[in-house]
Amino acid sequence: MATIYVDGTPHEVEEGQNLLQACLSLGYDLPYFCWHPALHSVGACRQCAVKQFKDERDARGRIVMACMTPVADGIRISIDDPEAREFRKSVIEWLMTNHPHDCPICDEGGSCHLQDMTVMTGHAHRRFRYKKRTYRNQCLGPFLNHEMNRCIQCYRCVRFYRDYAGGRDFDVLGSRNRVYFGRHEDGVLENEFSGNLAEICPTGVFTDKTLKKHYTRKWDLQWSPSICPHCAVGCNVSPGERYGSLRCVVNRYNDAVNGYVLCDRGRFGYEYVNSEKRIRGPLARGAGENAVEAVSKGTALERIRPWISEPERVVGIGSPRASLESNFALRALVGPERFVAGMSDPELRLARRAVSILRDGPAAPPSVAEIEACDAVVVLGEDLTNSAPRLALAVRQAVRRQPTEKAARFKIPAWDAAAVAYCCQNEKGPLLVATPAPDRLDDAATWTRRAAPDDVARLGFAIAHAVCSASPAPDAMSEADRSLAEEVARALKDAKRPAVLTGVSCGSEDVLRAAANLAWALRAEGKDARLSIALPECNSMGLALMDGGSLDQAIEAVENGSAQTLVVLENDLFRRMEKTKAERLLESAQHAIAIDCVENPTTARAEIVLPAAALYEASGTVVNNEGRAQRFDRCYVAEDNIQDGWRWLIDAMSAARRSEAKDWTSLDDVRAAMTEALPALAGVAQLRVEGGKIPRQPHRYSGRTAMRAHIDMSEPTPPEDADSPLAFSMEGYSGAEPPALQPFFWSPGWNSPSAVNKHQREIGGALRGGSPGIRLIEAAPSEKIVWFEEIPQAFSRRPDEWLLVPLSRIFGGEELSVLSPAVAERVAAACIAMNPKDAEALGLKAGDEAEIRLGGTEPIRQPLADMKELPEGVAGWPSGLPGVEWVEMLSWIGRKGTD
Amino acid sequence: MMERPLTQHIVPNREPLSAEEYEKVGGYGAVRKILGGIAPQDVTRMVKDSGLRGRGGAGFPTGLKWGFVPMGDAAPRPKYLAVNGDEMEPGTFKDRVLLEGNPHLLLEGILVVSYATQLDTAFVFLRAEYKLAAARMRQAIGEAYARGWLGKNILGSGFSLDVHVHTSAGRYICGEETGMINSLEGRRAAPRAKPPFPPVVGLWGKPTVTNNVETLCCVPSIVVNGPQWFKNLSRGDDGGTKLYGVSGKVKRPGAWELPMGTTVREILEEHAGGMRDGLSLRGFLPGGASTDFLTDAHLDVKMDFASIEKAGSRLGTGTTIVLDDETCPVGLVLNLTRFFAQESCGWCTPCREGLPWLASILSDLENGQGRASDLKILEEHTRLLGPGNTYCALAPGAMEPIASALKHFREDFERHLRGKRCPWRSAG
Amino acid sequence: MLTEEEKTEIEEHLAALPVRRSGCIDALNVVQRHRRWVSDESVRDIAAFLGMTPDEVDSVATFYSLIFRRPVGRHAILLCDSASCWIMGQENLLDLLEKRLGIGLGQTTEDDRFTLLSVACLGACDRAPALMIDDDLYGPVGAETLDGILERYE
Ligand SMILES: Cc1cc2nc3c(=O)[nH]c(=O)nc-3n(C[C@H](O)[C@H](O)[C@H](O)COP(=O)(O)O)c2cc1C
Ligand code: SF4
Ligand code: FES
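Protein chains in written order, with my numbering: chain G, 1 to 899; chain V, 1 to 428; chain F, 1 to 154.
Chain G on its own, in the form it takes in the complex (with noise of 0.2 Å):
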């Protein structure tokens, strides 16, 4: 700790961080430009002047960069001096010579740095009388609005979009007053976290252009605090409505996981809640033919009622990407027996084999955060980058963080991030990206390896040995793989806090148990080493820490004749098995009632569809990959008669007569019920506050009183929100709320994303509360290590056969995301991929259109494309895309014309 003196009043401050940090930890406002908690100082901007004595004596002092300052213990700086004011109002000053003056249209009015900070330095004259610079924009891509003449040259947006996120189709251009950041050339820029320009930036360059096609003002926006649907990272986000329909989606603070920054499809995905696929009210499908009808709520469940009085005769099919509570309430209705996760058989065991390593073995899940912080990581058969993307971009950090330590021999701290960069050059901690095909990842990666799962499982196994020989060693590995596994276990012994990230995408058990393997011997060597495993859905998690059984169970219970009657929540299962499958299942049900909250060809399919609220609209609790429970509350009460499905569940129970719901009127009393009967969801929390409801609209929300005077001149009164301590309104509790439950940030002065500082313990830590959501697994004690003793076969190619790894895809791989107008513009083209040597075998070549033939399917058509990094003997599916049909994973499939 070191003492430091702010205007004469002194504080004690960690010592290794800089000036600006400390000070606006402290709670001062201090203004600032290039830096950012999550990008570090440069001192570009010249904004966070303040005045630096070199003793008591000292009256005069000199101008110092407080971002570019280290903490020394005894400092003595002035923020308040006349000079460093003069100073900070001047550089607003500079800004504004170029700076347009056209807040009134600018999408970023009302949540601008630039606003703020001009407001708190007082420039509030203008002096220079000449033409300002103009500029020509891009076109960027269907996610971000580019205008350049509102840029003030902070070089934060290249800072984040090269050196943070990995990026490469950006940069600085130009020199002087001219400096331009953009591409080489109009076109959409590539990287998967693009979106968060439009926070990074503190002006209007980079807005979101999504947004702007049902714009409304930051303030005008009812929030809610809400976790992301499109993954199982599970990060923290603020819905924004409007008039009913949902016009944004930004990053929720929270340092665990999100920390400041989601992926495009996470802030671009939300899109799907105002598609014109939304179910927006019951429908009822008339026998025999295919006639839909609109149909009320009551005479929806009075027709269902029925069927479901007795639970016996009801299978329900639950899903990880409904809430643990309405996936509970689902359990109420069949009885545990009948309830299954909804997922397919493999799906259901990987999931649970994940949680059985997790919790049984030495190695606990970390938060987002604590990936960052590890200085050396393996990556076994996950391209997470599109299927987990904000763990990918935790990697980077990894990469990148470690030699910062080299750094620090020099003395340069790792906040001087331009120092760091030089002194580091290009170098990068240890990663290795062992994956079936190429890699986002792979040009942050140490080494790379291609191999099938069998290959990536055996070399993680080789890997685990090498750093601890109780680990089993795989036999016969090539020269070259166990060269490469004792150069990455060197590496990895090297480390201080190493991390194994696996996920359970390309379908293989032997890939989770060696990189179980691999984090056990690493923890036996006496490492902190932590353990990722990347589910597919928001709560897949949740549901594997539940009791339901597989999708099999339950297509055996409707095809046996035990059950007559299937309800399916949230859950497209066209997307879970092979089409004639759920096709069969679907029709051997006498009634299929789905609740869901948009048309897939399972509701299609359904004799009764009920109308669910989106996530964004909806309440409940979800849980990550990293076993954090995280609730989220409805941002706005949807029209017609959307409800949760955990409420339609009740209601139907209710319509039934059944007892198992009587008391439940709301989420809380779900909760207790449903932590009550499953121990392992036992810290699923239940937040109140005392002193009023916490408001979902900002204080300045306008327009209240006129917004439906069309209809009615009388305000009507705001819903009330049972399920959570939250208002609908702009009134109501103003003290400090719980983190999980604040809507928004937001403080006197701070109207834009950098308000989170107001709200932080220390900058770029915790929030004032800590950090949302409640962990539910913990590793089990290091003595107790039971090592997966089963290693695979090397992979050996079939002739004529082709072994089917997953193709994840960031945009279109994920069911609700792709419905936005947006992510489907950036959904690449279908395709099965093959090592061109294979596809010559084949006599194709890219572009030609493959005809694929499973196991008593129909053929299916796909055009070609080579890949020239996938192993031969490997085909590369891309999973979920729009108009591709689900193929279980690992199978093989035959040469055109063969079975």
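Hint data in this document are derived by calculation from the structure and do not stem from the laboratory.
This one's a predicted model, so the numbers in the text were calculated from it and none came from an experiment.
Treat the hints with caution; some may be incorrect.
[Said to hold, decoys possible] Within a straight-line C-alpha distance of at most 30 Å, the following computed DSSO-like cross-link-like pairs (lysine-lysine) qualify: (1) F/LYS7 with G/LYS868; (2) V/LYS420 with G/LYS131; (3) F/LYS7 with V/LYS152; (4) V/LYS407 with G/LYS89; (5) V/LYS376 with G/LYS131; (6) V/LYS376 with G/LYS89; (7) F/LYS99 with V/LYS131; (8) G/LYS132 with V/LYS376.
Starting from the known structure of chain G, arrange chains V and F with the ligands on it as the hints suggest.
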């Protein structure tokens, strides 16, 4: 006879000495001497003792800088030298004289610093327009390799050195030492923040010495004749001779090697031949565009670091721009400010945005469209863009002529304001 | 496409550098020497050759004032516009040039013979006003000498 260690072998309009010729006149004697058994640290000490200060503009003591380089087996390798031959400061043309006139002298200086700091590779950074200098430098390097002065195991001493020429592509900021390092790394030449200083973290993250061409040309004679000899060359406190230059409306613009501390008067009147007939001196920028104006009251000031500083300016590069009474001071300051605005790298706000504003204001003033409040804005900026407030020394340098012009030529600014036109331009 | 000759020349520069991308400015200079200017296509070619992206190469190329990202004539006239030359009558020289060539600063003559550009201090202040055509430096240049100089360039 006056000693001229820098230029003694330079004959105007003649090819420079070849390696062989240079050796004949005693060239590479410093290299023979040090490789013959002087410890690297002792070479650095000699340079320290000589009082040599950098000739690139900042006047940093050269030996002291070399002393910052980590030495010994534990030092990071490779270590680099970046020779600063960017010379783009308006008014400055002294390094060109040396580069074109005697490249082997520079190579010899490079060898000395490289040995003293035990570095491995040197880059001679030349501005794009110095085509002749680049050609001659490359020729000399070729000869030096051929004759064993460069390459592996020089003179069987075990010491090796490679030298490469890098030709730049424009931009004054490349002359700022860390901008130069970025440029040599193939990047945009925006400067780097210090610390870390280049001798610790420089080119490609390795220890790097940066020295001006003239600085290094001083070094061989120090090694051969000793620090005291070098000190004695000077008429002031700083050691050695200096290549002084004069441009503007004097009778004989040019560059001359004279003892450090020669007075302004002697340089202007004896060497540059005084003002052109009919003109009188109004002021001068003693050391290039980024130094404060001095006036005829300062003619007897010695041109050395300390004396010029005492007079209120900087020695800078030691090349003087003369302002005569037929030239408008406001126009000159406008020209200078435009230059600095144009050459700003665009990294830090005050320089990037402040300088173009000042250039616009000066342009209005010069054209009779100025306002009285403009002078206040100019004055404010001379404070606001001071050292420490900007990222590098470009903008503070740019303020020096403005601040001093407002001091010495205030009346001229006022005349522009009152008459709503430039008194030096014919009406209409 | 870079020519073999260009590639060889770039490789010569690269031999001195520990990092390939550090040869970016050298590569731009090489290409410009051969082609007078650096086109978008050349930016992409250089990028591919050095393992960079076009954006990275352009970021460097557009920083440096003497990398021409737009076509120039057969001969580039670089007229010094800095202090000493300005004192010595650079404005008159510019007038003269503009009249002789019928173009303004930044423009190229119709016959593609000359492009007229201003440049920061040429380091020829003792020979002011100075200008450079291709690799040749001239100064002081006045009405009497200008025509003779221009004639040397076809
Ligand atoms: C904007 C700017 C431009 C500079 N240009 C040059 C230059 O062209 N040549 C030079 O030798 N030094 C130049 N310098 C000074 C260098 O930064 C550095 O101090 C010098 O090269 C060190 O060499 P020395 O110690 O031998 O003088 C410049 C400095 C600044 C701030
Ligand atoms: S003062 Fe700032 S903008 Fe100007 S050249 Fe230096 S770093 Fe660049
Ligand atoms: S925030 Fe400190 S200089 Fe930009």
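Cross-check of the supplied hints:
1. Taking the CA atoms of F/LYS7 and G/LYS868, the gap is about 27 Å. The hint holds against a cut of 30 Å.
2. For the hint linking V/LYS420 to G/LYS131, the alpha-carbon distance of about 21 Å falls within 30 Å, and the restraint holds.
3. Only pairs whose Cα atoms come within 30 Å are accepted, and F/LYS7 paired with V/LYS152 is accepted, the gap being roughly 27 Å.
4. Our distance criterion of 30 Å between C-alpha atoms is met by V/LYS407 and G/LYS89, whose separation comes to about 26 Å.
5. The hinted pair formed by V/LYS376 and G/LYS131 meets the criterion: a straight-line CA distance of about 21 Å does not exceed 30 Å.
6. Straight-line distance between C-alpha atoms of V/LYS376 and G/LYS89 comes to about 16 Å, which keeps the hinted pair within the 30 Å bound.
7. Taken as a hint, the F/LYS99 and V/LYS131 pair is honoured in the structure, with Cα atoms around 28 Å apart against an allowance of 30 Å.
8. Our distance criterion of 30 Å between C-alpha atoms is met by G/LYS132 and V/LYS376, whose separation comes to about 22 Å.
In summary, the structure agrees with every hint in the numbered list given earlier.
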